[in-house]
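**Q** If you want the building blocks of each chain, they are given just below.
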Amino acid sequence: MRWKQFFTPVQSMNSEEAREFMSGKTLDEFTLLDVRQPGEYEKQHIPGSKLIPVGELDKRLDELDPHKPVLIY
Amino acid sequence: MLSGKGFDQVINMSGGIKAWNDRVAFGPEDQGLELLTGNESIEETLIIAYSLEAGLQDFYLTMIDKVLDDAVKSLFRKLSDIEVIHQKRILEEYIQITGKEIDRETFESVTVEKAVEGGLTTEEYISLFKPDWNALPDIVDLAMSIEAQALDLYSRAADRSADDRSRGAMKKIAEEERAHLEQLAKLMDTL
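Quick note, the sequences are listed as chains B and C, same order. Adding 159 to a residue's 1-based position in the first sequence gives its number in the numbering used here. Adding 224 to a residue's 1-based position in the second sequence gives its number in the numbering used here.
One should not assume that every hint holds.
Stated by the list, open to error - Selected chain C positions facing chain B (Cβ under 8 Å, derived; list incomplete):
{"id": "1", "residue": "L226"}
{"id": "2", "residue": "K229"}
{"id": "3", "residue": "A243"}
{"id": "4", "residue": "I319"}
{"id": "5", "residue": "G323"}
{"id": "6", "residue": "D383"}
{"id": "7", "residue": "E406"}
Hint data in this document are derived by calculation from the structure and do not stem from the laboratory. Small disclaimer: the values here were computed from a predicted structure and weren't measured. Glycine is no exception: its CB is placed at the ideal position from the N, C-alpha and C atoms.
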C-alpha cells in the first residue's frame, strides 16, 4: 500500500520562517494554535498559543477568527 | 481541517514544537507526495479513503513491531483491526454509489492501486515525520495526526454526499475515527 497526501493543501513554514512571521506582529494579528494534548501543552508550549486538541478541532472552529492567519503546530 | 472551512490563511509549522525547540530545519512534508485539491468527487474520495485505511492499518502493524509497551501494542492492534472493518464498509459504499459490481481484490489491485501510483511506502511516509522510535509520545503523536486526517477526509466526504444514507455512512466512520483519536489522546495522557 502506498501513501499520498490528500488534504487540502496548506502553506507550510519551518520554525525559522515561523519565527520571522511572528516577529513584529502582535498576538491580535494572528492565531497561534497548538493542536497537541493538554498534557503536552502544560509541559511546554510556544508562548501565546491557544490550545485546541486535534480531536476537538472540527467542533471548536467557532473559537477561532477565520479572518486572521492561523499558524498551527 | 481548517482549510475549506472559511479560514483565510492556514499555515502549518513543519516539525512542530520539536523543530521549534531544536531550531532544526524540517523537510517539506509534501515531499514526494501529491496534493489533491479537496474538491474530489465522492467516488474519488472513497478510493482515497480506502487507501488511507489500508495505510493506517499498515502503519499500526508496522508500529506493533517497533514499540515495546504491551498496552500500546494492544491498542494499535485493536485500531488496526477496526481499519479493516472500515475498508469493508468503504468498499460497500463505493459499490452502492457507483453501481459497479467489483470484488475486493480487483478494487484493490486496479482502482486503488491506480489512485496511489507513485505514492510513498509506509516507511517512506513515516520517515517524513522523523519520529523518535524510542519516544512513545512521538509515535502516538504521529498516529493522531494520521487519524485526524482521516476524520477530516470523512467529514468532507459526508458534506459532499448526495444522499442521506451515504452521508450517514461517512459520518459514522468519521465518528469512529474521532473515537480513535480520543483513545490515542487518552494513551498520550498516560505517557
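**Q** Please go over all the hints and tell whether each is borne out by the structure.
**A** Here is how each hint holds up against the structure:
1. At a threshold of 8 Å, the smallest CB-CB gap from L226/C to chain B is about 6 Å, leaving the interface hint in force.
2. Because the closest C-beta pair between K229/C and chain B is about 6 Å apart, less than 8 Å, the hint holds.
3. Proximity of A243/C to chain B holds as hinted, the smallest CB-CB distance being about 4 Å (cut-off 8 Å).
4. Annotation: I319/C was flagged as interfacial toward chain B, and the flag is violated, the nearest CB pair being 20 Å apart, outside 8 Å.
5. Interface hint status for G323/C: violated, as the beta-carbon distance to the closest one in chain B is roughly 24 Å, over 8 Å.
6. A least Cβ separation of about 11 Å between D383/C and chain B goes past the 8 Å threshold, and the interface hint is therefore violated.
7. Because the beta carbon of E406/C sits about 6 Å from the nearest beta carbon in chain B, less than 8 Å, this interface hint is met.
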